[in-house]
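Protein chains in written order, with numbering that gives the first Met the number 0: chain R, 0 to 355; chain X, 0 to 367; chain E, 0 to 267.
A portion of the hints provided could be inaccurate.
Simulated coverage check for chain R against chain E, where a stretch passes if three residues somewhere in it have a Cβ under 8 Å from a Cβ of chain E [as the list claims (entries may be wrong)]:
id, segment
1, 19-29
2, 124-135
3, 261-275
Read the hints as simulated data drawn from the structure, not as lab findings.
Here the structure is a predicted model, which means the values were calculated and not measured.
We put the beta carbon where it would ideally sit given N, CA and C, even for glycine.
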Amino acid sequence: MAGLAKALRSEAGRGYTLISPALAYALVLLAAPLLTILLFSFWTQSFLTIDRTFTFANYQEALTDPLYRALMQRSLWIAGMVTLVTVVLAFPVAYFISFHVRPDRKSLWLFLITIPFWTSYLIRVFLWRVILAFDGPVNGSLMGLGLIDEPLSWILYNANAVVITLAHAFAPFAILPIFVSLEKIDRSLLEAARDLGESKAMTFLRVTLPLAMPGVLAAVLIVFIPTVGDYVTPRLVGGSGGTMIANMIYAQIFDLNDRPMGATLAVLAMVIVTLVLLWVVTRLRAWLWLAGTSAGAAAVWLVPTVIVAEVAVIWALFTQAPALIGPIPALALLAGLTGALSVAILLRLPKGRFGI
Amino acid sequence: MTNAPIITLNAVEKYYGEYHALRGISAEIGRGEFFSLLGPSGCGKTTLLRAIAGFEDISNGHILLDGRDMEGVPPNKRPTNLVFQSYAIFPHLTVVENVGFGLRKSGLSVAEKRAAVAEALDMVGLADFGGRAAHALSGGQRQRVALARALILKPKVLLLDEPLSALDKKMREQMQSELRRLQRQVGITFILVTHDQEEALIMSDRIAVMFEGGIAQLADPQTLYRRPASRTVAEFIGMMNFLPAKVTTSGGGAVAQVPGLGAVHLAADQIPQGVPSGGAEIGVRPESLTVLYDGQPAPEFGADGQVTEVTYYGDMTYYDVLLDGAPRPVSVSMRNMLGRPVLDRGARARLAWDPRAMVLFPVAQTRP
Amino acid sequence: MTLRPLTLFAGLYLLVLYAPIVLLPLFAFNEGTVIAFPLQGFTTEWFGALLDTPALHEATLNSLIIAMSTAVFATTLGLFAARAATRYRFPLKGGIVGFIMLPLVLPEVIVAISLLVVLMQVGINPGTWTIILGHTLICTPFSIAILQGSFSNMDKSLEEAAIDLGETPLSTFRLVTLPLVMPGIIASMLICFTISLDEFIIAFFLSGNEPTLPVYLWGQLRFPARLPIIMALGTILVVLSIGLLVIAEAMRRRGLRRAGLEDTGGFL
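With these hints in hand, go ahead and build the complete structure from the sequences.
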C-alpha cells in the first residue's frame, strides 16, 4: 500500500490520476462503441435477428454495389470540393486579418468571423435553401439585374447546393488555423526574402505559403472530416442527387433495419477519411520537402501539377476502371498505386518540417 | 548552538530517470550568511535550491535545516521561503494581498497583519504601493513585492532563484546592493542562485561553484578569484591566461619553467590539484600582469614581448602581448590613468609579473 | 493602395457569412406564411405562436437540461485532463490525450451510430441521459483545449509560491489555481453549453421519443405552415447564442488580463 501511495504521489502518478476520468470515459463511450461497430460490420442481419458468423459480405457489397459506390464517390467529391472552396476562399481572409488588420482589431475580426458558426446549424442550413430557392434572393436579384431569364436550377437540390452550404458553414474552421500559422511567421523572414532578391509574389510562394502550410493542413482536416459525414445539409438542400454517406447510414439503421450494413458504411467512412488524410499529409510533405531543396522555385509549380495529375488518375481508376476490370481489382490497383507512393514518401522523406 | 550551521547538505543526490542532476553535494551554510550557488545553466544549482525549498525530492543523502532532517517535509512546512525567478506575483491579488498571502494561518489579528505588511513593504521601499494591482507593477517592483512577501514570514533561510536575471543592467546593479543591505538588516541566511559570476562575487560571503551536478569549489569570493581550485573554475570566473610549463617538485611547492617568463616558484597553495606528473599550465589573470612604461624601475620579475593586439575600453586597455619565446600571446589589462599612454599594435613591451599571483594546473584534466 | 482588393474580398466574405443570419429576423417578422420574397407586412404573431406550442417547450426544457449537464460534466472531465496535460509528464501522455481528443476529428455521425448500436445491443432505451453521454464525449475535447490554454497561461511557480508561503495543495488550488483558471472554466461551460444546445446528429440518433430543440426543429421543417414560427424561434436562438458568445469572449479577455497577458487571438 505504501508503494502504491508513493506511486500515486509521483509526477507520473498524479498525471495518470488526473487524466483517468476523461480517459475512462473515452474508453467506455468511444473505444468500446467503435470496436462494436467494427464487430457488427462483419455480421449480417435479416429482419430482427443478427447472424454472428464472421463474413466480409457487407464489405463486398458496399465496395461493389454501384449504389454504395456512387454514394461514397459523391461524399468524397462533395467533401473534397467543400474543402477546396473553403480553404481557397479562407486563405485570403486569414491573410488579410493577419497582415493588413491593425493588431488591436484582429481580435474583433476573428470574433466577427466566429459568431455565425455558433448560431443554430440547422437553421443556417435551412436558410440556404431559402436563399438558393427558385424564388429566393439569389435568383431574384440575378433576374432583376437581367442577367438571367429564368431561375437557375443548378443551385438547389443537388450536389452544388450541398457544396455551397457546407462551404459557408465551415468557413470559420478554415480561417482560424490558417490565421494562427500566418501570425506565427516572423515578419523579418519576409523582409529577408525581399532583401535576398525575391519578388513579392515569389516571397509569398517560397516563404509565406510553406510556413502557413501547417495551418492549411489543419484547415483541410477540420473541414474535410465533418463534411464527409454530414447528414443535415444533403437532406435539406441536396435533393436526391446530393445524398451522402451519412444519409445512407441513417437509412440502413432506422429505415432498412440493417445495423451491420450501417456499421460497415460507418467503418468504411472512417477508413476513407483516414486514407484521404494520409494522402494529403504525404503529398504536402513531398511538396514542402521539394520546396526546401535546390529545386526551390520549380517545385512550387511542379508538385501541384503532379498532385492534380495524380488526383485525375485516382478519379479515373475509381470511376472508369470498375467497368473495365471489375470493382475489386480496380480498388486494389488504386490502393496499390497511391499506397505505395504514400509509404515511399513516409519512409524516404525527412519528417518534422513545420510539424508535417 | 548559534554557531551550528543553519543548513547542512550531506551527500545530496538527485536522479531524473538516468540523468544524474546532483552528484553527492555536501556543504554547510552558516547562520546569517549570504551564500551563492554559481554555475552555468544545467549545473544543478536550481535543482539544489528547489530541493532545499522542498519542491524536489532528493534521491539520496540528507538536507538538515537547523539540525532537523527535511526528508518528507513538504515545502509549506519548511522554514524556508523562495523568491522565484519569475517572481510569481499572484496576478489576481493586490500588492498588499500578495505580501500578506502567507499570513493567512499566522493567527495574527487583522490590525497586526496590516502592520506586518506595511513594515515589509516599507523595508523593500514600496510603502506607497500597497493598493496597486499586481499586474500594474514594473519588473523591479515585482522583485520587491516578492522579497517582502517572503521576508514577512521571517524564514530561517531565504532562497533566491536567479532573482535579478529578468532586470535590465541598471536595475540589476541597484538591486544587488539593495539585496546585500536587506540581508544585513534582517540577518537571515540568503541563498542565491545565479549564473552571473560578477553578481556572485559582489554579493556573497561565500560561493559554491557548481558544474555538472557537483560543487567544484566552495570558498569566499577572494579565494575563489585568486586561488581557483581548477582550470574550469578559473575559466568560469573572470579571465585567465594559461601558459604551458614544465614542472619539477621543490620542497612543499614546485618550480615551473615557463617559456617567455622563465622559472616560476610556486608555493603549495598555488597548486590546488597537486604537482602534475604530466603536462602543466600556469594560470595568471590579465590584471596580475603589468605593462611597464618608460622610466619605471626594473621589476623583480620581468619579461619582454611584442604587442599583437590593442583593445581600448575607455577605462581599461587590454593588450595581447607575445612574450619572446612563448607559444601564444598573453592578455594584459591596464587601467588607463593620467600620463599613461596607450601602446600601439606592434610596439615592444616590458611586462612585470608576480609568482604569488599564479596558479598551476595539470593540462587536459578531466572536469571535476 | 495595394490592399484594396483584399479588403474588398474580406468585406464581401463577411457579408456572405452573415447573409443567412440577416434573413432570419426578416422572415420572423414577416406577415406572409411563405418563406420567400417579396416580404409582406410586419407582425409579431409568430413569436406569439411560440408560446402556445407545448411540444416546443418540452423540447426546449430537454435541451436546456442536456446542455447544462453536458457543460458541467465535460468541463469537469476537461479540467482534470487539461491539468494533467499541462502540468505533468507521464509515459504515453501524447497518445492518451490524442485519444481523448479523437471526437474532434471523427465525423459526428460515426460517434452517433456507434453509441446507438451499443445502446441497442445493451438494451438501454435512448433518451435524455444517452444524449448527455454523447454530448459530453464530443464536448470534452473542446473543454480540454480551452482549459489547456488557461493552465498554460498560468505561471507554474504561482502555485509553488503559494505552497512555499504555507498553503496546502488543496488550499493552493482554492486560493490561486481556481481564481486564475475560472475565466477558462466559465468559457468552457459556455462553449460546451452552446455546442450541446445546437448539436443535431447525436441527439437525432439517441433521442428516442424525447426530442431536443434541434430534433424538434428538424421535425417541424417538413411542415411549410410551421416555418414562420421556426424563423421566430431561430431569431431568438441566434440572439441568445450571440449573447452567450459575447459573455464568453469577455470572460476570456478578462482571464488574459488577470494573467497579465496581451490579447493574442480569438476562440480555439
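Given coverage of the segment 124-135 of chain R by chain E, tested with a Cβ cutoff of 8 Å and a minimum of 3 residues: holds (count 8)
Three-residue Cβ test at 8 Å for the coverage of the segment 19-29 of chain R by chain E: holds (count 7)
Per-stretch coverage check for the segment 261-275 of chain R, three Cβ contacts closer than 8 Å to chain E: holds (count 6)
In summary, this structure violates none of the numbered hints.
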